[in-house]
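Given chain A, work out where chains B and C should sit, using these hints.
Residue numbers (my numbering), protein chains in the order written: chain A, 622 to 919; chain B, 19 to 376; chain C, 78 to 312.
Rather than coming from a laboratory, the hints here were simulated on the basis of the structure.
Bear in mind that the values here come from a model prediction, so they are computed numbers and not experimental data.
Check each hint, because a few of them may be wrong.
[Unchecked claim] Cβ-Cβ distance ranges computed for the label pairs, FRET-style:
id	chain 1	residue 1	chain 2	residue 2	range
1	A	R709	B	D114	29 to 39 Å
2	C	S182	B	N273	38 to 48 Å
3	A	R702	B	D114	49 to 59 Å
4	A	V699	B	G118	31 to 41 Å
5	A	N808	C	S182	22 to 32 Å
6	A	T784	B	A62	47 to 57 Å
7	A	L771	B	K189	53 to 63 Å
[As the list claims (entries may be wrong)] Among chain B residues calculated to face chain A with C-beta under 10 Å, some are:
id	residue
8	I82
9	S152
10	I161
11	L163
12	A229
13	I232
14	V234
15	V236
16	G263
17	V279
18	L327
19	V337
Just so it is clear, CB atoms sit at the ideal spot from N, CA and C, and this is done for glycine as well.
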Amino acid sequence: MDYAIQQTLNALSFGAEYALIALGLAIVFSIMGLVNFAHGEVVAFGGYSMVITATLLTSNPWIIMIGVMFACVLTAVVLERVAFRTVRGADLTTGLLTAFGVSIVLQNLFLLLGSPRAIAATQFIFLDKTITIGTIRVSSLQIYETLATLVAIVVLTLFLRKTPLGIAMRAAALDFEMVRLCGFRANRVIAGAFAISGLLAGLACIFIMARRGSVQPNMGFDPVLVAFVACVIGGFGSLPGAVLGGFLLGVAEVTMLIILPQSAGGLASAAVFSLVALVLIWRPDGILSPARNKGDKI
Amino acid sequence: MMAYFNPDQRKGLMGSALLSLIILAIVGAYYIWGETYHARILYATFVNLLVVVGLQVFTGNANITGFSHAAFMGIAAYIAAICVTPAAMKLISLPDAPWGLNAFELSALVSATIALVITGLMGLATGLIIVRLSGVGVTITSIALLVIVHSIFLHRTDIFKGNQAFFGIPKIFDLPHITGLVVLAIFVARLFRESSIGLQLRASSDDEAGARSIGVDVRRVRLIAWVMSACFFATAGIAYSFFLGTISARPFYFNFVFLTVAMLILGGLRSVTGAVLGTLLITMGLELVRWLETGPVLIGVKLPQMLGLSGLLLGVVIVAVMAFLPNGIMGHREIEDLLHRKRQKGRKNDVSSYDSQT
Amino acid sequence: MLEINSLNVFHGPIQAVHDIDMIVSEGQCVTLLGPNGAGKTSTLSAITGTARATGSIRLGGDQIAHMSVDDRSRRGLAISPEGRRVFANLSVRENLIMGGALYNSKAQLSAKIEQWFVQFPTLRERSDQLAGTLSGGEQQMLAISRALLSNPRILLLDEPSLGLAPQIVSKIFDIIRDLKAQGTTILLVEQNAVAAVSVSDYVYVLNNGVIYIHGQTDQFGHGSELMNELTGVYV
Chain A
622 MDYAIQQTLN
632 ALSFGAEYAL
642 IALGLAIVFS
652 IMGLVNFAHG
662 EVVAFGGYSM
672 VITATLLTSN
682 PWIIMIGVMF
692 ACVLTAVVLE
702 RVAFRTVRGA
712 DLTTGLLTAF
722 GVSIVLQNLF
732 LLLGSPRAIA
742 ATQFIFLDKT
752 ITIGTIRVSS
762 LQIYETLATL
772 VAIVVLTLFL
782 RKTPLGIAMR
792 AAALDFEMVR
802 LCGFRANRVI
812 AGAFAISGLL
822 AGLACIFIMA
832 RRGSVQPNMG
842 FDPVLVAFVA
852 CVIGGFGSLP
862 GAVLGGFLLG
872 VAEVTMLIIL
882 PQSAGGLASA
892 AVFSLVALVL
902 IWRPDGILSP
912 ARNKGDKI
Chain B
19 MMAYFNPDQR
29 KGLMGSALLS
39 LIILAIVGAY
49 YIWGETYHAR
59 ILYATFVNLL
69 VVVGLQVFTG
79 NANITGFSHA
89 AFMGIAAYIA
99 AICVTPAAMK
109 LISLPDAPWG
119 LNAFELSALV
129 SATIALVITG
139 LMGLATGLII
149 VRLSGVGVTI
159 TSIALLVIVH
169 SIFLHRTDIF
179 KGNQAFFGIP
189 KIFDLPHITG
199 LVVLAIFVAR
209 LFRESSIGLQ
219 LRASSDDEAG
229 ARSIGVDVRR
239 VRLIAWVMSA
249 CFFATAGIAY
259 SFFLGTISAR
269 PFYFNFVFLT
279 VAMLILGGLR
289 SVTGAVLGTL
299 LITMGLELVR
309 WLETGPVLIG
319 VKLPQMLGLS
329 GLLLGVVIVA
339 VMAFLPNGIM
349 GHREIEDLLH
359 RKRQKGRKND
369 VSSYDSQT
Chain C
78 MLEINSLNVF
88 HGPIQAVHDI
98 DMIVSEGQCV
108 TLLGPNGAGK
118 TSTLSAITGT
128 ARATGSIRLG
138 GDQIAHMSVD
148 DRSRRGLAIS
158 PEGRRVFANL
168 SVRENLIMGG
178 ALYNSKAQLS
188 AKIEQWFVQF
198 PTLRERSDQL
208 AGTLSGGEQQ
218 MLAISRALLS
228 NPRILLLDEP
238 SLGLAPQIVS
248 KIFDIIRDLK
258 AQGTTILLVE
268 QNAVAAVSVS
278 DYVYVLNNGV
288 IYIHGQTDQF
298 GHGSELMNEL
308 TGVYV
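The shape of chain A in the complex, shown without the other chains (with noise of 0.2 Å):
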């Protein structure tokens, strides 16, 4: 009983982390058709910010937490500006070619001016701590991931729900183009949508960093490739699937490393994926792939 619950809160933690970024992809593939593969970049720099922050101003990990957030949501919104608006209505190869492009360019950056060993950044470290429930040893890092993970998804909800700016993006998936004939500004509702997703990236690179307790130039690779796959297999685009798709990757993968003989734990990875390939094949558009019509167009 106590296996079976710490390896739920495994698989939860997991799927939650892999769901939080999936969602940042989600949101903006949903409303921009752009793959943004430099999603990864965007948590790798918020690593690199606790360097920053922590030789520049202080060591309090709150600050340093707050810094985190916002050096995510600025870098999404500065891609956006910078990278992402002239490639604004090309269509998917071009946006992602960019995007991948976008996403060399940081990892190098972070090659030139930071390091290409790791460095150390271990300010969150302090949120892993094993406690005892009961008679279960978890992880505090793992239940603070969960919870952080569904306060977000509920409040993500509440903001596409009520108010009009979420209204309005959501509305922007299915028909752009509507909406701005409706009068909203195309760049607020884009540059918001990136904000969203920085701030996604935000919070799984806070939970990423207590774990890692380090950073370097390529550790946003891993991440968002996961991310993708979480994507692809709830529906591209569709945000509930992304959510759905994060968790369920996150029950395959600890399904795989319970299963599998201790010998093959190097499959555990090759495994899921392919797993995702039996899924795609299931359903090429995804499970919960999000509609595509636009009403009583005749």
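Frame of chain A, contents of chains B and C only:
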């Protein structure tokens, strides 16, 4: 024999011949002026060229980005290497190999054929899945493929040796061999592009529904292109193995994928000339930048060491090309189109200069 | 209110509209008639900014031809587009909120939405339903309300009768007549000449991207001859 080819393909033959002349000129320049270490760079460039031309066959004509080429290349490289390496060598490098893989050796031709066939079959199997998917789905599945293959390379060290070097491969190929392969690849890619299947594929890339409505079997043409490109990648992998003497899993992963995709989009993914141009430009550019990265002395000034400069510039190139020249330098044009325009400018009154193609 | 001069509209390399002039005065209802493919929707697209065009477009005296889509809408242009284009994944109320982009006060917006619910009780009944589940006529009501929520200087109505049953069409045109009586400036684009003629003050007839006849509505009688000429249908 010329009657076998359609008019566009005949144009393609001329264009391929021109490109081949350029390739031969480069090789010739090496033999006359080049230092020994240049051979390696040139060979690597040509391996890249085989891959990028193969990319052009699928990604260029179908306008769907796939990232799995490094996987196919790696599979073929390893199969060819394992088959051709003398058993004595394998007993040292692969002591735990299953299925008696370290107990035999085959000739170069047979090894290459086996590698090509197996990789081609894998291309077929994956292609059957890929062609059913939409744009994003293809990208992600191809990424999945890359990761899975790479994980297997890393995990089954008894066969592949993971990130350690699999050594002892006899050096079978040299510059002449790969030059021949490159020339062949250019001709094949070009003839495919201008063939009716190539045309159907290009039509479906612009307007899938429209193409279907005129009877194009989009899945079939995509599958053909996918398998063909897998064969190109396999050839590149075999050539890689047969020259280097040792291989490891590391190069067959994302960095190589990004590099080759950048080459294709810089030159222009829609044309074979673009593929060649992009590869040559980036390879030369990278060599130059790598030299700068080491912090050389330039006009008497010692430049700092700038690791990451090459990657940075590569990324900037990709972003700039996508923003300002989404179809790359060549766009849709092939090399003979550039000459044709010049000829037309010289002969303003010659109305039939276009008709002479038919 | 709206003045168009030497307008040319392009879809890629193809020119859909050639050098047309049009005027819609304040309080007027002007109709742009024409068969399929005449360039009517292209003209509206040029006005809203969603199609590439050259020429002069003045709204209330101000030149808007160089402005972006969102800026033009914020200047007082509102459209109920071809096919309605209600946001199918949003509720009726949320669709109306989308019409209130320019409101600063939530209370003001709610009050205005209330007014439209009074005008169209059906919308109130369905206020929490997804707009995609509404009938064609209800969607048309929604599209018009959404457009008018922003108190535009001119309402652009693109083929409101398209795909609707005759009873619903007449209902929609009653609504348009009411709007006109309240002083709303309207540019109506239609294929249904009879219905359009019954509500408009002035008619432009567009064919193959060129205006070949225009004048006061009373010149065109009931519109049956026009209808026949345009569509081959005797009404």
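To see whether the hints hold, each was checked on the structure:
Look at A:R709 against B:D114: about 54 Å separates their beta carbons, and that is not inside 29 to 39 Å. The hinted window of 38 to 48 Å between C:S182 and B:N273 is violated, with their beta carbons roughly 55 Å apart. Taking 49 to 59 Å as the suggested C-beta distance range, the pair A:R702 and B:D114 conforms, at roughly 55 Å. Judged by the Cβ atoms, the range 31 to 41 Å given for A:V699 and B:G118 is violated: they are separated by roughly 58 Å.
Checking the proposed 22 to 32 Å range against A:N808 and C:S182 shows it holds: the Cβ atoms sit about 23 Å from each other. Distance hint check for A:T784 and B:A62: the Cβ-Cβ separation is about 55 Å, which falls inside the suggested range of 47 to 57 Å. Hint check: A:L771 to B:K189, Cβ distance near 59 Å, so the stated range 53 to 63 Å holds. With 10 Å as the threshold, the beta carbon of B:I82 comes within range of chain A, its nearest partner Cβ sitting at about 7 Å, so the hint holds.
The interface hint given for B:S152 holds, since its Cβ lies 6 Å from the closest Cβ of chain A, which is under the 10 Å cut-off. The beta carbon of B:I161 is positioned within 10 Å of a beta carbon in chain A (closest approach about 7 Å), and the interface hint is therefore held. About 8 Å separates the beta-carbon of B:L163 from the nearest beta-carbon of chain A, less than 10 Å, and the hint is met. Taken as an interface hint, B:A229 does not check out: its beta carbon lies about 16 Å from the nearest beta carbon of chain A, beyond 10 Å.
A hinted interface residue such as B:I232 counts as satisfied when its beta carbon comes closer than 10 Å to some beta carbon of chain A; here the least separation is about 21 Å, so the hint is violated. Among the interface hints, the one on B:V234 is violated; its C-beta lies about 19 Å from the nearest C-beta in chain A, farther than the 10 Å criterion. With a least beta-carbon distance of about 14 Å to chain A, the hint placing B:V236 at the interface is violated under the 10 Å criterion. Hint status for B:G263 relative to chain A: violated, with the closest Cβ pair at about 27 Å, above 10 Å.
For B:V279, the suggested interface contact is upheld, since its CB lies about 7 Å from the closest CB of chain A, less than 10 Å. Interface hint at B:L327: satisfied, since its Cβ lies 7 Å from the closest Cβ of chain A, which is below the 10 Å cut-off. Checking B:V337 against chain A by beta carbon gives a least distance of about 4 Å; that is within 10 Å, so the hint holds.
Hints 1, 2, 4, 12, 13, 14, 15, 16, counting from the list given before, are not met by this structure.
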